[in-house]
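Chains as they are written, first to last, in the numbering used here: chain A, 1 to 143; chain G, 1001 to 1089.
Take these hints with a grain of salt, some might be off.
What the hints assert, rightly or not - Label-pair distances were calculated between CB atoms; the ranges are:
1. Q65/A - I1019/G: 24 to 32 Å
2. E1017/G - A4/A: 27 to 35 Å
3. D16/A - T1021/G: 42 to 50 Å
4. M1/A - E1010/G: 28 to 36 Å
5. D52/A - K1029/G: 29 to 37 Å
6. M1/A - I1034/G: 19 to 27 Å
7. H116/A - R1053/G: 25 to 33 Å
8. D1009/G - R98/A: 45 to 53 Å
9. E14/A - I1012/G: 47 to 55 Å
10. A1036/G - K83/A: 38 to 46 Å
11. D52/A - I1034/G: 28 to 36 Å
12. I1034/G - E41/A: 24 to 32 Å
As the list claims (entries may be wrong) - Reference excerpt, derived from the structure (chain G facing chain A, CB under 7 Å, subset only):
13. G1015
14. A1036
15. A1058
16. P1079
Said to hold, decoys possible - Covered stretches of chain A, going by a simulated chain G footprint (3 or more residues, C-beta under 8 Å):
17. 7-13
18. 19-29
19. 34-44
20. 50-58
21. 75-83
22. 108-116
Don't read these hints as lab results, they were simulated from the structure.
Using N, Cα and C, we set each Cβ at its ideal position, and we do this for glycine too.
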Amino acid sequence: MRLATRRFGEIDVEEDDLLTFPEGLVGLSRHKRFLLLQDPESKQLLWLQSVDFPEFTLATVPSQQVQLNYHIDVHPEEIRCLKLDNKSEAVVLLILNRVNEQFAVNLKGPLLLNPHRMLGKQVVLNDPDYEVRNLVAIDATVT
Amino acid sequence: MLVLSRQLDESIMIGDEIIVTIVDIKGDKVRIGIAAPGDVPVHRQEVFETIQRETFEAAYAESQVAEDSGPTTARPFNPRSLSDLAGNN
C-alpha cells in the first residue's frame, strides 16, 4: 500500500511494516495504526507515523539511548495486549519534543513495543521522578 | 453525573468488576482504593490529560524536532533490531 504522510511525502508500505496499538495512544484511542521510520539524517531518531492521520507524526528515541536507569513498572495485565512472551522482549520508545532550544523526552508516557508481533501500547508510569518533559542531551545532527 | 454519598470503608461497584472504596478521609482529602482488572488503566485525571496533551503537541508541533525537509528517503524501521541489541547486552 501507499501511505500519504505530511513529513515524508508518499511512502510504499508493506503490511508487515505496520505497528498496531490495539488500544490507541493514551487519550487518543483512534490512533491505532503506525509505521516506524528511520530518520534519513539521524540514526538515533525514529518517526512514528500515523497511518490513518497523515499529519500525525511523533519523533521518538529508543530509551536505551537516553537514560540508563529507566525502570518501567507496569502490571503484566496492563500490557497484556502486547502479547509478550517475556517483558524483556519489549522495545521502549520515548516521545521527543522540543522545549525552546532543548530536547525533552516523555518519561511519564513511554511507548512499549512487541517487535516480534508489531504491537504497541503507551503506558503511564506512576514514578514521581518521571516527567512528561525531561530535558535530555541528544546528539541531534538534525537541523 | 451520578452523585452518591458514601462513608468511610463503603464502596461503589462499576460494572461487575470494578470496586471503588473510600479508604480514608482527612479534612478535604479523600483516599480512594480502586480494585479493577489489570487491563483497565486507572489514572489520575490530570496525569492522563497531561500525557494526552503532550503527545498531541509533539505530533503536531510546528517547530518539530527536525525541520521539514520535504519528501525524503525515510525507510520503514524494524524494531526487532532494537530488541536484538538489548539481547546482546
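Hints versus structure:
Remark: the range hint 24 to 32 Å for Q65/A to I1019/G is contradicted by a beta-carbon distance near 41 Å. Distance hint for E1017/G and A4/A: a CB-CB separation of about 41 Å, inconsistent with the stated range 27 to 35 Å. Take D16/A and T1021/G: their Cβ atoms lie about 46 Å apart, and the range 42 to 50 Å holds. For the pair M1/A and E1010/G, the supplied restraint of 28 to 36 Å is violated, since their beta-carbon distance comes to about 54 Å.
For the hinted restraint 29 to 37 Å between D52/A and K1029/G, the CB-CB distance of approximately 42 Å leaves it violated. Between M1/A and I1034/G the C-beta distance comes to about 42 Å, which lies outside the given range of 19 to 27 Å. As the Cβ distance of H116/A to R1053/G is approximately 32 Å, the hint placing it in 25 to 33 Å holds. Roughly 48 Å separates the CB atoms of D1009/G and R98/A, a value that falls within the hinted 45 to 53 Å.
Between E14/A and I1012/G the beta carbons are some 48 Å apart, a value that agrees with the proposed interval 47 to 55 Å. Between A1036/G and K83/A the CB atoms are about 21 Å apart, so this pair departs from the stated range of 38 to 46 Å. Taking the beta carbon of each, D52/A and I1034/G are about 32 Å apart, inside 28 to 36 Å as hinted. For I1034/G paired with E41/A, a C-beta distance near 45 Å fails the hint of 24 to 32 Å.
A cut of 7 Å between beta carbons decides the hint on G1015/G: the least distance to chain A is about 16 Å, and the hint is violated. This hint is violated: A1036/G has a C-beta 10 Å from the nearest C-beta of chain A, more than the 7 Å allowed. For A1058/G, the interface hint holds, the least distance from its beta-carbon to any beta-carbon of chain A being 4 Å, beneath 7 Å. Interface restraint check: P1079/G against chain A, minimum CB-CB distance 4 Å, threshold 7 Å, status holds.
Evaluation of the coverage hint for the segment 7-13 of chain A: fulfilled, as 6 residues show C-beta separations to chain G shorter than 8 Å, against a requirement of three. Counting residues of the segment 19-29 of chain A whose C-beta sits closer than 8 Å to any C-beta of chain G gives 5, which meets the bar of three, so the coverage hint holds. As drawn, the segment 34-44 of chain A meets chain G at 8 residues by the rule of a beta-carbon pair under 8 Å; at three or more, the given contact holds. Restraint check on the segment 50-58 of chain A versus chain G: 5 residues with Cβ-Cβ distances below 8 Å, three needed, restraint holds.
Counting residues of the segment 75-83 of chain A whose CB falls under 8 Å from any CB of chain G gives 6; the rule of at least 3 is met. Taking a C-beta to C-beta cut-off of 8 Å, the segment 108-116 of chain A contributes 5 residues in contact with chain G, enough for the three needed, and the coverage statement holds.
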